[in-house]
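Novice: Here is what each chain is made of, one letter per residue.
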Amino acid sequence: MKTILAAAATAALLASSAAAEVKVGMITTLSGGGAGLGIDVRDGFMLAIKQSGRDDIEVVIEDDQRKPDIAVQLADKMIQSEKVDVLTGIIWSNLAMAVVPAATAQGKFYLSPNAGPSPLAGKGCHPNYFNVAWQNDNLHEAAGAYANTAGYGNSFILAPNYPAGTDALTGYKRFFEGEIANELYTELGQTDYAAEIAQIRASGADSVYFFLPGGMGISFLKQYADSGVDLPVVGPAFSFDQGILQAVGAAALGVVNTSQWNKDIDNPTNAAFVESFQAEYGRLPSLYASQGFDTANLLISAVDAADVSDADAFREALRAANFASTRGDFAFGPNHHPVQTIYAREVVQEGEVFTNKTLGVALENHSDAYAAECKM
Amino acid sequence: MSTILIFEQVLNGLQFGIMLFLMAAGLTLIFGVMGLINLAHGSLYMVGAFAAAWVAGATGSFVFALIAALAAAAAAGALVEIVVIRRLYRAAHLDQVLATFALILIFSEGTRWVFGSFPLFLDIPETLSGPVTLPGGIEYPRYRLTLIGIGIAVALGLWWLTARTRIGIQIRAGENDREMIAALGVDISKLYTLVFALGAALAGLAGALVGAIQSVQVGMGEPVLILAFVVIVIGGIGSIRGAFIGALLVGLTDTLGGIFLPEVFKLFMETGAATQTGSALASMAVYILMSAVLIWRPTGLFGARG
Amino acid sequence: MIAERWITLLTLAGFLAIPLWALAVDEPFTITLATRAAILALAAVGLNIALGIGGMVSLGHAAFFGLGGYAMGILAFHAQSFQPLDLGLFTIEGTKSMPVIWLTAIAVSALAAWLIGLLSLRTTGVYFIMITLAFGQMFFYFAISWGTYGGEDGLSIYVRNSFPGLNTLVPIQFFAICFVALCAALFFQWRLRASPFGLALNAARQSEARVATVGLSPKRLKLLAFVISGAITGLAGALFADLNRFVSPTMFSWQLSGELIILIIIGGVGRLAGPVIGAALFVALEHWLGGLTDFWHVWLGLILLLIVLFARGGIVGLLTGKAGPHV
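Chains as they are written, first to last, in the numbering used here: chain R, 1 to 376; chain D, 1001 to 1306; chain V, 2001 to 2327.
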């Protein structure tokens, strides 16, 4: 998909494409089963650009089909043909690992609106790589911390058998102080969890932690709710975002999940974001949309402060993170990953709509476990 | 691990197998009668699930949802047969592969066009929700027991249809000699459309039933499609009985492998590495089973022809 | 109607002309696309030897493509991290040299093809399709959970590997390498078809019994063809990994095996130029349609349907007016 959107008021739009000073390449997932996440990031990002009313930022959007080789090819195209200055948009860690190292090595800036694989936060960090969402372990670490405060002493934990799944369970265990009743790695893309639920029932645990993004989480929650096992469940926000919750329905009610953002976080930027997103797209924003929105505002703040052709100045401007985030305070740590507060939230029903309500803080001003390994 | 848990897991394996059978039955029927490799079978499964979710959302009735799933999938199947598949019976297998692959693309993205990019909601009906207590103290979801019942009923129904009815005789005759039964005055193209719609309806039923406890989303059919192919190949293509046995074997291997292999590796490895190695091997187990069966019996367990 | 030989030559000429034009007007991305098409074509040429001449419909060729890719990935990974690869009995130094990587990729995938072929050739027809799929899936799931080399995240190689006398980072030079490899494989296939082995193999596809009566073993003929086929696809995998400077388990996915078959059907089964035309058309469609609409898969599907319904024998079949071999 090749939507060239010169961001501006309609009148300025026609005149602008030649005047654009910063060209942004967005590679994200817009077709196939994982398209919901990419669409949210794109919509959040473009909303911020539109609201800024600027005509000097041009965004080129392409669909990676969730395939790493397509993502690499699109990155080549953006760099070689479109001559973009900044890349952004990738949803999945494995695609980010395929694209980011090569792009930053070629002197481009990369702003991650979603994926935060551990190599890019630690030994593989790069001055031109900024993560605006989270390091992959963050929400899992917060879940471990929440489980402590909730008084859980014995958790049954499960995740798919792939690197992000291992990171998730490691992150949870890093902060959780109780016992681990059992640790399960399920198949990636698995849809039936009867066997796992039977093991949970027999395990004697007092809580369940799971990381099963996308359809896997929907299947697990529906089957868990129907199984009669009533241990409390904790998870990261990925299985409880606005796009997925309606498909899970009542099965998710009352589940506590951890997120760096929620629609009720009390600050003017967030209130305006939630309202304008609903007005523009006719649905509630998800955390992915908020990440896209923040990414664009970070970019705009840097464009205001520095010229993109002066890479050092532009990098400093990005590092300053001088923008109003939907999350409230926002700052980068030494490895260009966020230092942020992560909340515990609960799934509730508001009228016909299932959504989340913030319960409290799970981890205050949290950085990540890899920052010390980053030398830049 | 207690005996009760092991028994419960065997039940889970059987139940997963029955779900696979619902999908595989239509596939093996279509292949057996028409010699068609239908990659789009997973799309019909998806059509069933989406139709069910949509109707359940509009009417709130699960029965209407199931009827809608059957009707929508059968209609989509009949349409596809008349517009595309009919032209391909005499073509090479490869042309059928390409055509039905093209149909997957059209169905998947077409569904996304109509229903959007987010998963749909479909829940099990109130009367079937929650667990029941089985003898021995096993708590087992009522809905999953219902699935086992429906699966067995479908298996018996198909057996009755092929072995005891006039249409069944025509189907079996058509498998053996298509020219001959055409010469006997049977409208072969009508028969084929009927069989294809029947296979599609079975896939749609499976999609709706399974969709209630899984995620109704675009692309949901493809992982099941591959497993369904594994099932019918293990059982012997074209054999309903083979599909049933194959489905149970695959269901048991997948479920029990996922539980016991990590435990086995824990005997001589540390926990984290053992669960990972065990799970990796477990995800390959079904394919190892299939290649072992084929090396032992190159046309599957109950297959007559190659 | 046009003779097949002319179609092959014209196709290759066109394949060369597009990147040269792109070089002239400074469109480096078009060269990258042409390189991608050339590599996919090479992989499909490999499959076409098994499928088109030998009649073996393998839905597991992604296994060889992936093995080639990982041969590149693992060797280059150990070279860029300066840690030798420890195989227990002895260690191997990593390398960034393309020729060494290619030889490794060919050897590894040929060995795998021999093993898979040995077991799979007990079956025929749809059973053969499915058993090759099974082996492909085993590699896929193994690669996903093999943490040492990145698991599902895959492995990034920061700088493209080197070839003596060339700068492989320049798109047109890397294209040249891939194009030459493609031409070499096509030349090899052309000679192979005319050789006694090729004729016997072609006969074995049509009737195993007749070949057996003249004292040849159809199994051994097919196994050898399968090994050659796997080796060529493995080489393509190594090149593909170098094009992306990245390997991941998706190279092992059954969708990729399916795509290779589809490239061949679009172009024409068993035809020399079939995979080349198929790959070029597929990459071009993917690129152009992707630019037109969000839901471009629908249109791609419709075009593929039209090809299957109205161009029997693929594009080459349409041009020559002959349907081609029946598989």
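These are computed hints drawn from the structure, not numbers from a lab. Treat the hints loosely; a few may be bogus.
Stretch by stretch, here's where chain V covers chain D in the computed footprint (C-beta under 8 Å, at least three residues) [said to hold, decoys possible]:
{"no.": "1", "segment": "1021-1029"}
{"no.": "2", "segment": "1074-1080"}
{"no.": "3", "segment": "1106-1119"}
Coverage of chain V stretches by chain D, computed from C-beta distances (three or more under 8 Å per stretch; other residues unrestricted) [what the hints assert, rightly or not]:
{"no.": "4", "segment": "2019-2033"}
{"no.": "5", "segment": "2161-2169"}
{"no.": "6", "segment": "2294-2302"}
Being a predicted model, the structure only gives us computed values, none of them experimental. A virtual CB, placed ideally from N, CA and C, is assigned to each residue, including glycine.
Novice: Count the residues of the segment 1106-1119 of chain D whose Cβ falls closer than 8 Å to any Cβ of chain V, and tell me whether that reaches three.
Specialist: Contact hint for the segment 1106-1119 of chain D vs chain V: holds, 6 residues under 8 Å.
Novice: The segment 2294-2302 of chain V covered by chain D? Criterion: 3 or more residues, Cβ-Cβ distance below 8 Å.
Specialist: Coverage by chain D holds here, the residue count being 7 at a Cβ distance below 8 Å.
Novice: Under 8 Å between beta-carbons, do enough residues of the segment 2019-2033 of chain V, three at least, approach chain D for the coverage claim to hold?
Specialist: Our answer is that it is violated, as 0 residues pass the Cβ test (under 8 Å) against chain D, missing three.
Novice: Apply the coverage criterion to the segment 2161-2169 of chain V and chain D: a residue qualifies when its Cβ sits closer than 8 Å to a Cβ of the chain, and three qualifying residues are needed.
Specialist: Contact hint for the segment 2161-2169 of chain V vs chain D: violated, 0 residues under 8 Å.
Novice: Apply the coverage criterion to the segment 1074-1080 of chain D and chain V: a residue qualifies when its Cβ sits closer than 8 Å to a Cβ of the chain, and three qualifying residues are needed.
Specialist: It is violated, with 0 qualifying residues against the three required.
Novice: Okay, the segment 1021-1029 of chain D and chain V, do three or more residues pass the C-beta test at under 8 Å?
Specialist: violated (count 0)
Consistency with the previously given hints fails for numbers 1, 2, 4, 5, ordered from lowest to highest.
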